[in-house]
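A.B. asks: Quick mapping for you: the protein sequence lines, in order, are chains A and P.
When the letters of the first sequence are read in order and numbered with the numbering used here, they come out as residues 1 to 666.
When the letters of the second sequence are read in order and numbered with the numbering used here, they come out as residues 1001 to 1138.
Since the hints were derived computationally from the structure, they do not count as laboratory data.
Treat the hints loosely; a few may be bogus.
[As the list claims (entries may be wrong)] Here are the simulated lysine to aspartate or glutamate pairs, EDC-like style, with alpha carbons at most 20 Å apart:
no.: 1; chain 1: P; residue 1: K1060; chain 2: P; residue 2: D1082
no.: 2; chain 1: P; residue 1: K1060; chain 2: P; residue 2: E1028
no.: 3; chain 1: A; residue 1: K580; chain 2: A; residue 2: E231
no.: 4; chain 1: A; residue 1: K580; chain 2: A; residue 2: E548
no.: 5; chain 1: A; residue 1: K580; chain 2: P; residue 2: D1082
no.: 6; chain 1: A; residue 1: K579; chain 2: P; residue 2: E1098
no.: 7; chain 1: A; residue 1: K563; chain 2: A; residue 2: E522
no.: 8; chain 1: A; residue 1: K528; chain 2: A; residue 2: E574
no.: 9; chain 1: A; residue 1: K391; chain 2: P; residue 2: D1101
[Stated by the list, open to error] Some chain A residues flagged as far from chain P (calculated, every beta-carbon gap over 10 Å):
no.: 10; residue: L162
no.: 11; residue: S416
no.: 12; residue: F424
no.: 13; residue: G435
no.: 14; residue: S441
no.: 15; residue: Y467
no.: 16; residue: R473
no.: 17; residue: A475
no.: 18; residue: E479
no.: 19; residue: G490
no.: 20; residue: A517
no.: 21; residue: T586
no.: 22; residue: I615
no.: 23; residue: N623
no.: 24; residue: L634
For clarity, every value in this text was computed on a predicted model and none was experimentally measured.
Just so it is clear, CB atoms sit at the ideal spot from N, CA and C, and this is done for glycine as well.
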Amino acid sequence: MVDLGLLSLRLALIGGLYAVLAAIYGAVARRPAYARSARQAAYAVHALVAVAALVLWRALVTRDFSLEYVASYASSTLSLPYRIAALWGGQAGSLLFWALILTTMSTVVHLQNRERNAALMPYVTATLMAIAAFFLGLLVFMTSPFERLPVPAAEGADLNPLLQNYWMLIHPPALYLGYVGCSVPFAFAIAALATGRLGDVWIRTTRRWTLFAWFFLTLGNMLGARWAYEELGWGGYWAWDPVENAAFMPWLSCTAFLHSVMIQEKKNMLKMWNMVLVLLTFCLTIFGTFLTRSGVVSSVHSFTQSGLGPFFVAFLLSVIAVVAGLVVWRRPLLRGENEIDSFLSREAAFLFNNLLLVGIAFATFWGTVFPVISEAVRGIKITVGPPFFNKVNAPLGLALLFMTGVGPVIAWRRASARNLRRSFAVPLGVGFATGAAIFASGWRNYYAVVCFSLAVFVLATIFMEFYRGTRARQALMGEPAPRALANLVGKNRRRYGGYVIHVGVVMVFVGVAASSAFRLEEQETIRKGDVVQVGAFTLTYQDIHFTEDAHYSSMLAEIAVAKNGAPVGTLFPEKRFYKKQQQPTTEVALRSTLAEDLYLVLGSYDDATGLMTMIVFVNPLVNWLWIGGLVMVLGTVIVMSPTAAEQRALAAALAVEERGLEAALR
Amino acid sequence: MDRNRRFIVGASIIVAAVAYLVYTGIRETSVYYLTIDELLSRRAEVAGEGLRVAGRVGAKSVQWNPATLDLTFRLANFEDSDGVAVAYNGVLPDMFAEGRDVIVEGTYARDGSFHARTLLTSCPSKYEAEAGAEVAKE
């Protein structure tokens, strides 16, 4: 079976390389038979990678400890879901998983475009297969998941206990889908550059793919934050670690692209900028993969020095070289046909939103690679931590939040005084009133005050959009209010789905601001019967319990919780000790409400003295962060769901394009 | 053309703001990041400074008082031939153990002791298990 996996990977690599060459030859020499053959090869590569993944999955599920990978990441007591998840628990497996997702997407893209985009598709095939070949090359020559041990291990080393958490079952696949999803718009961008067909078609064809990638990037980042919150036990969810930044940066540039592309669709502007953003997003996904595998940036996450770093650098540099060459070559075609008329216009608002998003991405990038740069320049490593990222990104983030309210409602071209008054008088009023009220109530955390005021401002602009739209439908169509609202959203999914996403963004901002500005933290070493008071909570340490099974042993402190004097339940913060890896892990106890989270950590317990150290966090409004994430995801689903009008627009653009193609061939 | 110029000014303001924030952010929050070997060879230079130091927990050096949460250990180089004494107060991180790689942040006093404000263990990466397996093999 293992040989089958190895063989599949090798054949897949050969097939991928063949597909690249055949597709390019077919396009350049205008021999469609070769392009067709490349497409068939791409299907075959997908099938072969799938076989390899199934072989590895089988080995993990059947606990075949003769394989080094299985022996390193699974054990006889590891439960089935985690054995399946172990496919992406280690280096080689995660690269195979990456290749599997990429080739699956390639197949979907080819099926979708069997009858369309005949000019673009060969280059799309070539780009996707070139990326696949890179990953397959790593798997075949550098880090094989099918390495056999000289002597089969009797028992596996087990999956890292910190990864044995249900969020870890879905967080990596979500993030990978987001990362890899960025390859599809990238491939179409390359195809558009190569063919010079830089009109609407490639953008309309990939719009849903970009949203798909963004959907999963959002979800992946949120799930990762949630995992950190529950599993790492330091009371927070985001530490600006290089690995987190690696996932955050492509999200930022992808978000920028999704916004600026609307300007291109509507106004035929910013073509160059959009192109740069698509290419940048893809490069950031590769850079992120590189960061997590090369050990070049030291992170709290310890990375195995795997020796893959130079290959990623080489790949990234060649991608940048090809892309830069194409962009420079096609520069004349990337000129926009319109100019921005006024500062007070939607075009300008979107441009500023883009600059802010890219600015945040740049600051994050700079902070992440600063140790490397300072070492190269000054010979000494200088590092920046969370204070740097918070200090830089908080003001930029607040400016972005403000633009969230402005961008969608300000008029195109040039906003009149009437438009500004109509759209912003009320929201600005309630925003300022909120700020004044919070300030008067004695809060002096300026960031939080500004954030909450802006949140109210943005929500007010969005509410007014829904309200006015519904009222207009009621008046025009005579529909009752709920029906009018449903139709309003259903018939303008991009617009109103976008507003839903913005509501989610506001919730995320509120959750982050409140939980970082007003968090309470207390650490106490206590005996049974002792009482700890934190904020409104009274915590009584009642007992400690010990349990054990084959996989881990654990101790649980029994803590009675009262809020404002009234009992609200019992919490059990837990410390586990995983036997295979001889490692303790913290299992946080949470009491989660919309108002705040009570977050208990069992820090340590000493048998001899009976002393238990407990860390208590009270995180206000933190739940709104997670709810906001869900709302963003829901909004994306609304935006993504196809509408007839959009299908017509794509068909029309394609028809124009095909006529051009026929004319060119004639 | 005039319009375009106005825009370039507007965009430049944002770019300048980002640059300014990054510049002051780095000036105010950056710390030297040394390996234990670098610290040992530059002792005099860096004494009294805020530092972030990566090293390994020395064998048989950990003393931990669960009642006061006082921890002392030797932050050693990888051969465990030399190191500095580190004092820390707080709960032990899950992955903390002798022979593990850790990062401490704090001040290196002139008397050669290190007061750690934070103690980070090399951890929650999925690739960590591989390193763990290698250590076990040795």
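A.B. asks: Hint by hint, say whether it matches the structure.
C.D. replies: We went through each hint and held it up to the structure:
1. P:K1060 <-> P:D1082: Roughly 13 Å between the alpha carbons, so the hint for P:K1060 and P:D1082 holds.
2. P:K1060 <-> P:E1028: violated, 38 Å
3. A:K580 <-> A:E231: This hinted pair holds, its Cα atoms lying about 19 Å apart.
4. A:K580 <-> A:E548: This hinted pair holds, its Cα atoms lying about 14 Å apart.
5. A:K580 <-> P:D1082: violated, 31 Å
6. A:K579 <-> P:E1098: holds, 17 Å
7. A:K563 <-> A:E522: Between A:K563 and A:E522 the Cα gap is close to 16 Å, so the pair holds against 20 Å.
8. A:K528 <-> A:E574: OK: A:K528 and A:E574 at ~16 Å, within 20 Å.
9. A:K391 <-> P:D1101: Violated, because 29 Å separates the two Cα atoms, which is more than 20 Å.
10. L162: Violated, since 5 Å does not exceed 10 Å.
11. S416: holds, 17 Å
12. F424: holds, 19 Å
13. G435: For A:G435, whose nearest Cβ neighbour in chain P is about 22 Å away, the distance exceeds 10 Å, so it holds.
14. S441: The claim holds: A:S441 sits with its nearest Cβ about 30 Å from chain P, beyond 10 Å.
15. Y467: holds, 32 Å
16. R473: holds, 37 Å
17. A475: holds, 38 Å
18. E479: holds, 42 Å
19. G490: A:G490 is indeed farther than 10 Å from all Cβ atoms of chain P, at 37 Å.
20. A517: For A:A517, whose nearest Cβ neighbour in chain P is about 18 Å away, the distance exceeds 10 Å, so it holds.
21. T586: violated, 6 Å
22. I615: Answer for A:I615: violated, closest chain P Cβ roughly 6 Å.
23. N623: Per Cβ check, A:N623 is outside 10 Å of chain P; nearest 23 Å; holds.
24. L634: Non-interface label stands for A:L634: nearest chain P Cβ at 29 Å, farther than 10 Å.
Hint check: violations occur at hints 2, 5, 9, 10, 21 and 22; the rest are consistent with the structure.
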